[in-house]
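Produce the entire structure from the sequences given, and follow the hints as far as they go.
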Amino acid sequence: MGTIVTIEVVTHDRDRSAPAIVDDAIGRAFEWFREIERVFNRFDATSELRRLCDRPSEAMPASDMLYTAVEFALAVADETAGAFDPTVGAAMERRGFNRDYRDGRVVSSGVMPNAGEPASYRDVALDPAARTILLRRPLVLDLGAVVKGLAIDMAARELAVCEHYAIDAGGDLYVAGRNAREEPWSVGIRHPRRDREVIELLRVSNIAVCTSGDYERQGSGNQDPGQLAHHIIDPRDGQTAARIASATVLAPTAMLADALATAAFVLGPADGISLLERHGVDGLLLTPTLERFMTRGMPSAILSHA
Amino acid sequence: MSALRSGDQPRGQTGKSTGRITNRLVALSSAAVLTIYAAGYLRTRGAAAELQAAERPRVVIPPAPAAGPAIASSVVIREPTPTPVAAPPPEALARKPRATAPAAGSPSVSPTIATPTATPVSPAATSPAQSVEPPAATPASTPAATPPPQISYKDGTYTGWGTSRHGDIEATVTIAGGRITSALISQCWTRYSCSWVAHLQGQVVERQSPEVDYVSRATQSTNAFYYAVVQALSKAK
Numbered sequence: 001m002g003t004i005v006t007i008e009v010v011t012h013d014r015d016r017s018a019p020a021i022v023d024d025a026i027g028r029a030f031e032w033f034r035e036i037e038r039v040f041n042r043f044d045a046t047s048e049l050r051r052l053c054d055r056p057s058e059a060m061p062a063s064d065m066l067y068t069a070v071e072f073a074l075a076v077a078d079e080t081a082g083a084f085d086p087t088v089g090a091a092m093e094r095r096g097f098n099r100d101y102r103d104g105r106v107v108s109s110g111v112m113p114n115a116g117e118p119a120s121y122r123d124v125a126l127d128p129a130a131r132t133i134l135l136r137r138p139l140v141l142d143l144g145a146v147v148k149g150l151a152i153d154m155a156a157r158e159l160a161v162c163e164h165y166a167i168d169a170g171g172d173l174y175v176a177g178r179n180a181r182e183e184p185w186s187v188g189i190r191h192p193r194r195d196r197e198v199i200e201l202l203r204v205s206n207i208a209v210c211t212s213g214d215y216e217r218q219g220s221g222n223q224d225p226g227q228l229a230h231h232i233i234d235p236r237d238g239q240t241a242a243r244i245a246s247a248t249v250l251a252p253t254a255m256l257a258d259a260l261a262t263a264a265f266v267l268g269p270a271d272g273i274s275l276l277e278r279h280g281v282d283g284l285l286l287t288p289t290l291e292r293f294m295t296r297g298m299p300s301a302i303l304s305h306a
Numbered sequence: 001m002s003a004l005r006s007g008d009q010p011r012g013q014t015g016k017s018t019g020r021i022t023n024r025l026v027a028l029s030s031a032a033v034l035t036i037y038a039a040g041y042l043r044t045r046g047a048a049a050e051l052q053a054a055e056r057p058r059v060v061i062p063p064a065p066a067a068g069p070a071i072a073s074s075v076v077i078r079e080p081t082p083t084p085v086a087a088p089p090p091e092a093l094a095r096k097p098r099a100t101a102p103a104a105g106s107p108s109v110s111p112t113i114a115t116p117t118a119t120p121v122s123p124a125a126t127s128p129a130q131s132v133e134p135p136a137a138t139p140a141s142t143p144a145a146t147p148p149p150q151i152s153y154k155d156g157t158y159t160g161w162g163t164s165r166h167g168d169i170e171a172t173v174t175i176a177g178g179r180i181t182s183a184l185i186s187q188c189w190t191r192y193s194c195s196w197v198a199h200l201q202g203q204v205v206e207r208q209s210p211e212v213d214y215v216s217r218a219t220q221s222t223n224a225f226y227y228a229v230v231q232a233l234s235k236a237k
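Residue numbers (our numbering), protein chains in the order written: chain A, 1 to 306; chain D, 1 to 237.
Incorrect hints may appear among the rest.
To be verified - Label-pair ranges, simulated between beta-carbon atoms:
(1) A:R193 - D:R207: 22 to 32 Å
(2) D:H199 - A:P288: 34 to 44 Å
(3) D:S30 - A:G297: 14 to 24 Å
(4) D:H199 - A:S205: 19 to 29 Å
(5) D:S30 - A:S300: 16 to 26 Å
(6) A:P56 - D:V205: 56 to 66 Å
What the hints assert, rightly or not - Counterexamples of contact, computed for chain A against chain D with all Cβ distances above 10 Å:
(7) D54
(8) L126
(9) A130
(10) P138
(11) Q239
(12) L290
(13) I302
Claimed, not checked - In silico negatives: residues of chain D with every beta carbon more than 10 Å from chain A:
(14) R20
(15) K154
(16) D155
(17) G156
(18) Y158
(19) T159
(20) T174
(21) A176
(22) Q208
(23) N223
The set of hints was computed from the structure by calculation and includes no laboratory data. Predicted model only: the values in this text are computed from it and were never measured. Every residue, glycine too, gets a C-beta built ideally from N, C-alpha and C.
Spelled out as structure tokens, the structure:
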């Protein structure tokens, strides 16, 4: 993932047995990040994901981890009618080609015989009984957003023996309990246009916080690919998603927060909030002009400034 | 609860949500987490045991001093994960967890870049005093969890170092009349400009502490300065 992972555990003097348990839990938490990297690293020819993508048209047996992650990604794609689509990488290549031909419009398959219909999440089929994944055609399965959240959720489960902790993987977080000042964790949301500033401060506990943004990061040369500021594409039509500058989602799992932040980003303010409300999670969407759109429950998470 | 089917367009739905609420995705993600956790449980147990033996940089953040009975310690462990580049990193190819642990754990966190003349007491370096044994989580001094603004620090000027994957920052904190009067970046060894944390210098004074725990999507950017200030303040007890 190329991300710095920070784990902070707060213990109290009264917890005599805590330190050894904490150390153990932290070790296992970090190991999950490595394990997930081994399975999902697209750049590693030996990773399970890569082996799957190298064998289209073949039902491939998948480990629990890969199968479940793909199943989840497809469910989000289905629920968002493709606003979130783990196959978007391939779709972009195709749609870029098609768009050149006709004023940016997507052309139908008949016009460009070589290009055909772009791939989408509908081209991935699961067999629950056999636990196999079938890519009906060559495509690029990009599970980046889902697995970063997944790694955080795994780490959080390991740390569940502790009451108070924060896991931060490149700015996507899970926080539990309270910080060292015995207050709910304070989490800042970066200003999408002035990245030296925090535009909103949240006070949260026992929740995942994930943000999708379109803003350039300082010194973006060496960044985690999932966080690069290249335009986020609407997988449904290949257009740049430009109605949202920053989408933050609060959810019980980081997997879900990550996926829905990406989907809401593409859907725009009204449909994005509607999506979040429909799935019972909270979020804050910021447009490029810094208009705020919030779910009903969001204001209570925001620290009000004096 | 009917899910949107393929082909349905969500456009046309208003932001006012009077419609159905489904817990399909919440339930599915929770179930997925349990499934994957259970599947990997045994493997990570074995790997973690090997990891324990490996050297890993640790930072113990001493809690700020204040009045009050409770004592809390914050143990912060920071590690970079392997970076996927076109040529896969060695960690990705080596299947054994043992191979990944030290490789991922050591270099990026220690201040290898352009070490200044005064050797930094970087929390990520292997200084044993910092890499505390768990029982010492109760530090010698008597700090407490909640630092109210009226913390009394000892007057003087103190420096501290914080690391990030892009390099290190030294902060110089001045205490006068028991209060923080300035928190300046005195050395910036990060690959990228420190101007992006310049605003934090004033915030520390305003809030009489580093207030923000994390900044979503900019953690490593603020970490270095934050920990540098924390370390400086730890000397001002």
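Fill in: Hints that the structure is at odds with (numbers, increasing)
Hints 2, 14 and 23 are the ones this structure does not satisfy, whereas the remaining hints hold.
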